[in-house]
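Under my numbering, the residues of the sequence shown are numbered 1 to 180, in order.
Just to be clear, a hint being listed does not mean it is correct.
Below, in silico cross-link-like pairs of lysine-lysine (DSS-like), each with a Cα-Cα straight-line distance of 30 Å or less [stated by the list, open to error]:
no.	residue 1	residue 2
1	Lys104	Lys140
2	Lys5	Lys140
3	Lys140	Lys161
4	Lys156	Lys104
5	Lys104	Lys6
6	Lys6	Lys36
7	Lys156	Lys140
8	Lys133	Lys161
Think of the hints as simulated: they come from the structure by calculation, not from any bench.
This one's a predicted model, so the numbers in the text were calculated from it and none came from an experiment.
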Amino acid sequence: MFILKKIIGQLFFPVPLCLEILIVGLLLLLFTRKQKAGKIILSVGVILFTLLSYPALSNTFLRRLEYQYPPLISTATSDFVPGEVVPQVRWIVVLGGGHISDPKIPVTSQLSDASLVRLIEAIRLHNQIPGSKLILSEGKVFDPVPGAETMAEVAKALGVKQEVVDQSLHVLLHGRSGRR
Numbered sequence: 001m002f003i004l005k006k007i008i009g010q011l012f013f014p015v016p017l018c019l020e021i022l023i024v025g026l027l028l029l030l031f032t033r034k035q036k037a038g039k040i041i042l043s044v045g046v047i048l049f050t051l052l053s054y055p056a057l058s059n060t061f062l063r064r065l066e067y068q069y070p071p072l073i074s075t076a077t078s079d080f081v082p083g084e085v086v087p088q089v090r091w092i093v094v095l096g097g098g099h100i101s102d103p104k105i106p107v108t109s110q111l112s113d114a115s116l117v118r119l120i121e122a123i124r125l126h127n128q129i130p131g132s133k134l135i136l137s138e139g140k141v142f143d144p145v146p147g148a149e150t151m152a153e154v155a156k157a158l159g160v161k162q163e164v165v166d167q168s169l170h171v172l173l174h175g176r177s178g179r180r
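Please work from the sequences and hints to get the whole structure.
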C-alpha cells in the first residue's frame, strides 16, 4: 500500500499533472469528435504548466508555509553561543527524501537534493547544539539499501563522529535509543 501511495502521489505533482491534462486534451483532439473540449483542456494544460513553471508563483505558495516555522537557530545571529538558544533539544530527526545506492558514484551524490539539504542542516544544528543526537530516517522502498544508511555514510564523510552515526542507526534498526 505504501508503494502504491508513493506511485499515485507522483501523478499529482505539478509537472506530471499538467502533462496528464495535456495528454487528455491531445487525445480528445486526435481521436474523438470533441474538438472544442480537446482545445479547452489543452489550453488549460498549457496555461497551468506555464504558470507553475515560474518560480515567483511557486515561491509565493512555499513562502506562506515556510514562514509559519522559523529556523531553530538563525544563521544571521552573530552573537550566538552554541547550546544557549535551544538547550532542551536532544534529538535532531532527519527525514529522508530519496536516494540511490550505487557504489560507482560518490556517497554524497547518492542522496537526492532534498535528503542532502536536510542532512547538511541537521549536521549544522548538531554541531551547534552540544549533546544532540541525530536520528536518520528513510527506509528501503525502491532500493535494497535503506536511505538512513546512505545518510549515515554521508554524515560520516562530512565529519560527524562515528558514535553519533552508530547510535542513529541503532535507533533506526531497533526502534529505541540506549538512553531514556
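Evaluation of the provided hints:
1. Pair hint Lys104 plus Lys140 holds up; C-alpha atoms about 19 Å apart against a cutoff of 30 Å.
2. With a CA separation close to 15 Å, the supplied pair Lys5 and Lys140 stays within the 30 Å bound.
3. With a CA separation close to 24 Å, the supplied pair Lys140 and Lys161 stays within the 30 Å bound.
4. Distance hint between Lys156 and Lys104 is fulfilled; the C-alpha atoms sit about 18 Å from each other, no more than 30 Å.
5. This hinted pair checks out: Lys104 and Lys6 have alpha carbons roughly 27 Å apart, not beyond 30 Å.
6. Between Lys6 and Lys36 the alpha-carbon distance is near 34 Å, which puts this suggested pair outside the 30 Å criterion.
7. Restraint check: the Cα-Cα separation between Lys156 and Lys140 comes to about 20 Å, which is no more than 30 Å; the hinted pair holds.
8. Pair hint Lys133 plus Lys161 holds up; C-alpha atoms about 11 Å apart against a cutoff of 30 Å.
In summary, the structure is inconsistent with hint 6 from the numbered list given earlier, while agreeing with all the others.
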